[in-house]
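Going line by line, the protein sequences match chains A and B. The opening residue of the first sequence carries number 149 in the working numbering; numbering runs sequentially from there. The opening residue of the second sequence carries number 153 in the working numbering; numbering runs sequentially from there.
Incorrect hints may have been included.
What follows is a list of derived Cβ distance ranges for each label pair [to be verified]: (1) A/PHE431 to B/HIS250: 41 to 47 angstroms; (2) B/ARG174 to A/LEU402: 25 to 31 angstroms; (3) B/LEU232 to A/ASP228: 32 to 38 angstroms; (4) B/ARG225 to A/LEU402: 28 to 34 angstroms; (5) B/GLY164 to A/ALA269: 54 to 60 angstroms; (6) B/GLY192 to A/ARG380: 31 to 37 angstroms.
The set of hints was computed from the structure by calculation and includes no laboratory data. C-beta atoms are modelled at their ideal positions from N, C-alpha and C, and glycine is treated no differently.
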Amino acid sequence: MRLTCDVVIVGAGMVGAACALYASRAGLDVIVVDRGPVAGGTTGAGEGNLLVSDKEPGPELELALLSARLWTELADDLGDLFEYEAKGGVVVAAAAAELAALDRLADGQRAAGVRAEAVDADRLRDLEPYLAPGLAGGFFYPQDAQVMPTLAAAHLLRVSGARLSAGRTVTGVLRGADGAVRGVRTDRGDLHAPAVVNAAGTWGGELAALAGVRLPVLPRRGFVLVTEPLPRRVRHKVYAADYVADVASDSAALQTSPVVEGTAAGPVLIGASRERVGFDRSFALPVVRALAAGATRLFPFLSDVRAVRAYLGFRPYLPDHLPAIGPDLRAPGLLHACGHEGAGIGLATGTGQLIARVLSGQAPELDLTPFAPERFTEEAV
Amino acid sequence: MNPLEWAGARPGPAFAVTFDGREIEALPGQTVAAALWAAGVRSWRTTRGEGRPRGVLCGIGVCFDCLVTVNDRPNQRACLVPLRPGDAIRTQEGTGHHD
Ligand SMILES: Cc1cc2nc3c(=O)[nH]c(=O)nc-3n(C[C@H](O)[C@H](O)[C@H](O)COP(=O)(O)OP(=O)(O)OC[C@H]3O[C@@H](n4cnc5c(N)ncnc54)[C@H](O)[C@@H]3O)c2cc1C
Ligand code: FES
């Protein structure tokens, strides 16, 4: 492998893969480095919902809409390979107050370009025949889609043509006398490049520290419960209204709200828990129980279905729940593309395209100010 | 040589279970997979996508390749589930659920 290139991307997760794809398409020579295998981080430990429905109007929603459009474009050629399904999302409310909150959210989202259709209580079961009776109503979001994240990361990397160096740990960021980034040091030698992209996900703070800059990325643990394979009984991505509130919440305590989706392979995936417990990998039965209880409230048939396993992952979150995307003024040549919390699969394509634009000196499609990596420097460490 | 002899095992008396209606013999403590193997059966499931035959792969409950229907309950791991007298094992097709 030649040891120089135009850009080194650290991290072969979904975000690194998307950065590699768009940077290569922009004509750049790219090397992707990961200490583990492709998708061995959070990308291989989450789910693959591409959602606009759960995002409040603002910069994250704009990034989600850009990303959704790019996912559809990619899916034209590659969709079958990574199980892309434009299935749409259904958000349900158990009571009138929740429904009113969803209604307000949908109004704001529509103004930002989201399609959201109100669904009356008696029509919910036309969309989802196995839903519990007695729900107050809901909303259908046709732009919500799904991919299989590991396959998506692998195929985006493959078609990018970028060189991949897996099983190689970045141990330092090289900087010249002028402070500019010159590449990375790894456990298997240096890689020289005038630009380095930090796509290290939950470990993005550590990578930033190697370059001498602070980026407070922290882990937010999530469990997923996996059922035995079933015939298609859950057609859309279905979740309860309280999920939106949990996603936006700042609480460190355990939160669970039911999120249910079928997969191309047959198993139903049940999420989503959120806890801030560091990198604790121990199994937590109470969390998984709460997930199962929430899911059976939405879909009573699940109570007769066998859960075959559970897994967990660590969402990379930043204090204001927005990712860090763009150049770091404190370390010229360093760009960040990390901290996407529970939406890094969905937001990967837009992130990759924004990064590629910056790398090739073009104006990015969105204003990067809200994602500026330096925005946390004022706070106490 | 019979593996029971290697291990010096002295299981209790054999009992009968059925596989797709045919009677086969099982020993106390034996798993579904072990009894099927002893009866010369190596595959008892077809895959959901292409209908390919499947049986034991890992043998220790990790891979979920050995799924089988026992007493009308699909998707049980043959390599883990111990047999009881009279159990009805059935070949599982696809998800094992009918809709
Ligand atoms: C339970 C759960 C459910 C989720 N559901 C969804 C969902 O439905 N939709 C969605 O969009 N998102 C979801 N997410 C979030 C999503 O999984 C993440 O946001 C996304 O995977 C982050 O991707 P990434 O590429 O930034 O990070 P990662 O996939 O973690 O990749 C970072 C990579 O960097 C590598 N790395 C780190 N440090 C170094 C180093 N020093 N040297 C070399 N390599 C290094 C790591 O090995 C890793 O492979 C979920 C997350 C969880 C936990
Ligand atoms: S053979 Fe692997 S789980 Fe049974």
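Against the structure, the hints come out as follows:
no., hint, in the structure
1, A/PHE431 to B/HIS250: 41 to 47 angstroms, "violated (33 angstroms)"
2, B/ARG174 to A/LEU402: 25 to 31 angstroms, "violated (50 angstroms)"
3, B/LEU232 to A/ASP228: 32 to 38 angstroms, "holds (34 angstroms)"
4, B/ARG225 to A/LEU402: 28 to 34 angstroms, "holds (32 angstroms)"
5, B/GLY164 to A/ALA269: 54 to 60 angstroms, "holds (58 angstroms)"
6, B/GLY192 to A/ARG380: 31 to 37 angstroms, "holds (36 angstroms)"
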